[in-house]
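My request is simple: use the sequences and hints to build the entire structure.
Keeping their order, the protein sequence lines are chains A and B.
Letter by letter, the first sequence follows residues 1 to 512 of my numbering.
Letter by letter, the second sequence follows residues 1 to 323 of my numbering.
Think of the hints as simulated: they come from the structure by calculation, not from any bench.
Nothing here was measured: the structure is a model prediction, and the numbers come from that model.
Glycine included, C-beta positions come from ideal geometry on N, C-alpha and C.
Do not take every clue at face value.
Some chain B residues near chain A, calculated using beta-carbon distances under 10 Å [claimed, not checked]:
1) V76
2) S84
3) V270
Across the chosen pairs, the derived CB separations fall in these ranges [claimed, not checked]:
4) L321/B / V471/A: 29 to 39 Å
5) A10/A / Q180/B: 45 to 55 Å
6) Q180/B / V471/A: 28 to 38 Å
7) P354/A / R243/B: 32 to 42 Å
8) Q180/B / W135/A: 37 to 47 Å
9) T200/A / A315/B: 28 to 38 Å
Heads up, simulated DMTMM-like pairs for lysine to aspartate or glutamate below, C-alpha to C-alpha not over 20 Å straight-line [unchecked claim]:
10) K308/B / D319/B
11) K224/B / E138/A
12) K103/A / E292/A
13) K224/B / D352/A
14) K224/B / E142/A
15) K156/B / E176/B
16) K308/B / D265/B
17) K308/B / D120/B
18) K273/B / D319/B
Single-letter residue listing:
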Amino acid sequence: MGEMFDNLGAGFAAFADPTYLVLAVVGVVLGTLVGVLPGIGPIGAMSVLLGMTTQLGPAGSLILFAGIYFGSTYGGSTTSILLNVPGEASSVVTALDGHQLTKRGRAGPALTIAAVSSFVAGTMAIVGLMLFAPWLSEVAVELGPPEYLALCVAGLVLLAALSTGSTAKSVVMICAGLAVGTVGIDPAAGDLRFTMGSSTLAEGFSFIALIMGVFGVAEALTVAGRRWRPEPVRAPKLRELLPSRRESREAAPAALRGSVIGFLLGLVPGPAAVLSTFTSYVAERKLAKRPETFGKGAVQGVAGPEAANNAAAGAAFVPLLALGIPFAPTMALVLAALLLNGIVPGPTFVNDQPELFWTVIAAMYIANLMLLVLNLPLVGLFTRLLSVPPQALMPFVIGLCVVGVYAESNSMFDVVVMLVAGLLGFLLRRSGFGMAPFVLAVVLQPTLEVSLRQTLAYSAGDPGYVLGRPVTVVILGLVLLVVVVAAWRAVFAQRSRTAHLPNETPGARLRR
Amino acid sequence: MTTRPVPRRVALCSVVAAGALVVAACGGPPGGGTFPTRDVQVIVPYPAGSSIDTTTRALVEVVNDQNELGRRVQVVNREGGAGSVGTTAVLNANADGHTVGIVPDGPLTLIPHTEEVSYDPETVTVLGEVTTSPIMFVVPASSPYQGIEDLVAAAKANPESITMGDGPLNYAIPAEKFEQLTGTRFRHVKFDGDQATTTALLGDNLDVGVMQLAGAVAQLESGKLRALGIATAESVELAPDIRTFTDQGVDLEWEAYNVVVAPPDLPDDVRTKLSDVFSAAIQSPEFTAAATDLGLVVSGADGETAKKRLTDKAAEAADLLAP
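See below:
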């Protein structure tokens with residue numbers, strides 16, 4: 001324990017370097033901005049900045065990305081509450097009661113409750129990450145190829161089964177991602193695959209170019225094509241921010257429960273941040289003394305989900321840092337930033353790179369604190385941004401993408417790949433195909449393929465080998481269970497045709 | 001910020017500005033004059049953070065400190081294709097000395113036997129040898145095998161059941177040669193480099209790993225892994241306790257080399273200048289210290305010796321890789 005505090009102290013000491021502090025500020029401000037602006041989200045912002053990560057170094061990029069990630073969950077709730085326009089998918093649930101509070105003139109307290117709940121949950125998640133990641137790393141060394149195979153399968157299948165939108169389309173995008181990932185050198189034997197004699201393709205498609213294309217460029221095109229009208233916003237004044245004693249009393253336990261729900265769900269593959277908000281909302285409604293207030297401005301309905309999505313955001317770092325497997329698209333981008341810096345997270349990461357790990361933990365504490373301090377007073381400023389026509393910003397986004405991807409590898413081919421991926425991504429999104437499954441598949445493909453081939457080599461053709469690995473059997477069993485339950489519920493929902501969960505709130509289909 | 005229609009001009013300007021930046025980055029300065037007329041690029045065919053990258057960066061730092069060229073030397077990572085992508089980039093560059101590479105021997109000696117490559121390993125200009133890294137067989141500390149003899153006996157008792165982690169040709173070939181020499185068969189599982197092999201060994205998911213000394217040195221020192229044998233003629237100074245294969249009755253010698261290469265037909269004066277600059281840096285005490293920390297043996301062999309070794313290794317590999 002003492003050692004842990006020494007390590008954490010060393011992590012904070014790294015922030016004596018003003019560059020890191022500046023990066024943390026830039027990260028949280030940028031994250032809040034993209035969280036506030038509907039249309040462009042944390043994934044878009046990270047993918048645009050991916051080209052800069054080699055210049056920033058591993059610690060710098062992690063600090064920046066963590067800031068963006070946490071900032072966007074804060075910013076997303078602001079527009080949910082004030083305008084009933086969720087900036088992010090994970091803030092959809094917040095809009096239900098948050099906007100009702102605004103209508104009743106309690107916008108200030110709702111914003112404060114959302115921010116404080118996020119802060120509490122964020123802090124709890126970091127403590128969890130601090131305790132959990134090193135422990136999981138020790139355990140994870142024992143995991144062999146079959147377990148990694150099972151985890152990759154779980155990540156992809158659960159994303160497809162649990163995301164909103166068409167499961168079939170998600171599956172198509174996952175297959176496309178896996179197929180694109182096979183181009184280039186074979187990771188095991190060194191054969192060239194699908195390169196059509198081109199030495200440029202021998203390196204495979206650069207995943208930075210692909211990610212920046214389907215998220216950065218495609219997102220910019222989508223936003224530019226959307227009709228825009230300014231929203232009349234009235235931001236609450238500073239003195240209106242304090243919640244009443246009763247509101248605080250009701251919100252506090254909800255935030256704590258939400259933190260726990262969010263953290264636990266965040267450790268599991270799948271779209272954890274979004275799921276955790278729904279889970280927390282349902283749980284709060286069940287536990288409430290006056291469930292009839294839900295949907296009419298219950299503070300628990302803001303505190304719980306807001307805490308949950310922040311805790312899930314923090315927890316998502318655990319599998320990434322301890323196993324090297326990203327379970328969410330945002331984490332896939334964090335992984336990309338690390339890989340670009342030559343750092344491969346995995347079971348040996350926390351031991352091999354303790355300075356980096358603890359600097360990141362310290363960065364998360366600092367980001368959370370900054371968000372609390374920055375957000376409440378600056379709510380007015382951030383909401384005023386909504387009156388900037390997004391079309392004006394998008395050329396800059398595309399320009400940044402072009403410069404970023406070129407700077408990364410000095411290759412015009414990558415720029416072309418990015419633009420083509422961007423155009424295809426734009427067209428596919430219009431037809432309802434999500435890009436998150438595609439990107440996660442591209443990033444997971446090498447791990448999936450290598451662990452599959454290693455598993456096959458170990459088993460020498462004997463299926464009993466996999467059955468003899470209990471961890472693998474448990475993971476695959478759970479995946480099967482989730483798929484069956486999801487399928488059963490889909491059939492059930494189609495029969496009864498009753499939407500008992502608020503799936504179709506105004507903003508539910510906004511992003512994705 | 002007021003509400004007004006989309007400002008097209010702003011949009012256009014930003015795109016033009018971004019385009020201009022790209023064009024500026026593409027345009028190279030004109031040639032001419034005596035070498036070097038601009039900064040020299042050193043291409044490394046593996047990603048930043050890999051052992052050859054760290055080695056190269058340590059070497060380049062010395063080259064820049066000694067400043068014999070009068071221009072900076074910059075490291076560029078071009079990974080992929082088990083090193084063949086970066087090697088292709090070096091050998092197909094202009095033969096003016098402004099592009100050189102520090103590459104492992106695999107793309108020159110081994111890959112041309114199994115893959116089609118767009119360069120001729122015979123005509124490569126070899127400027128010198130940087131480091132050598134012997135191949136070893138490594139087991140977890142808890143392994144029942146204490147030496148090569150134990151391993152051979154166990155493998156003979158249960159053919160194709162002991163798992164052996166290899167992967168790149170520089171590991172797969174000595175593994176195969178070992179099997180030929182001892183009349184054993186192992187169950188081969190391919191791992192993507194020393195880090196993955198180490199993790200598998202530590203997690204007891206692998207019986208024997210084929211690795212370089214540089215990749216295993218940290219875990220050997222901590223006592224979590226144990227080396228059964230090292231494929232050198234004599235025990236190496238860095239790890240004197242590890243017995244050689246020859247010592248244990250198996251005539252196996254195999255080393256990976258990192259060499260400085262340049263495109264074919266480099267002008268003589270440029271070649272001499274680059275050779276001198278890199279040799280001086282390789283033999284500097286600063287570089288020796290950095291390489292030793294990494295578990296690499298500094299070689300310092302000159303271009304001709306290095307090229308001969310590569311040709312010999314390629315010939316030996318050709319025999320082993322022949323179907």
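Evaluation of the provided hints:
1. V76: holds (8 Å)
2. S84: Given a least distance of 7 Å, the restraint on S84/B holds.
3. V270: violated (23 Å)
4. L321/B / V471/A: 29 to 39 Å: holds (38 Å)
5. A10/A / Q180/B: 45 to 55 Å: holds (51 Å)
6. Q180/B / V471/A: 28 to 38 Å: holds (37 Å)
7. P354/A / R243/B: 32 to 42 Å: holds (34 Å)
8. Q180/B / W135/A: 37 to 47 Å: About 45 Å separates the Cβ atoms of Q180/B and W135/A, which means 37 to 47 Å holds.
9. T200/A / A315/B: 28 to 38 Å: Holds, at about 32 Å.
10. K308/B / D319/B: holds (17 Å)
11. K224/B / E138/A: holds (14 Å)
12. K103/A / E292/A: holds (17 Å)
13. K224/B / D352/A: Since the Cα atoms of K224/B and D352/A sit roughly 14 Å apart, the hinted pair holds (cutoff 20 Å).
14. K224/B / E142/A: holds (14 Å)
15. K156/B / E176/B: holds (15 Å)
16. K308/B / D265/B: Measuring from Cα to Cα gives roughly 17 Å; hence the hint holds.
17. K308/B / D120/B: holds (15 Å)
18. K273/B / D319/B: Since the Cα atoms of K273/B and D319/B sit roughly 36 Å apart, the hinted pair is violated (cutoff 20 Å).
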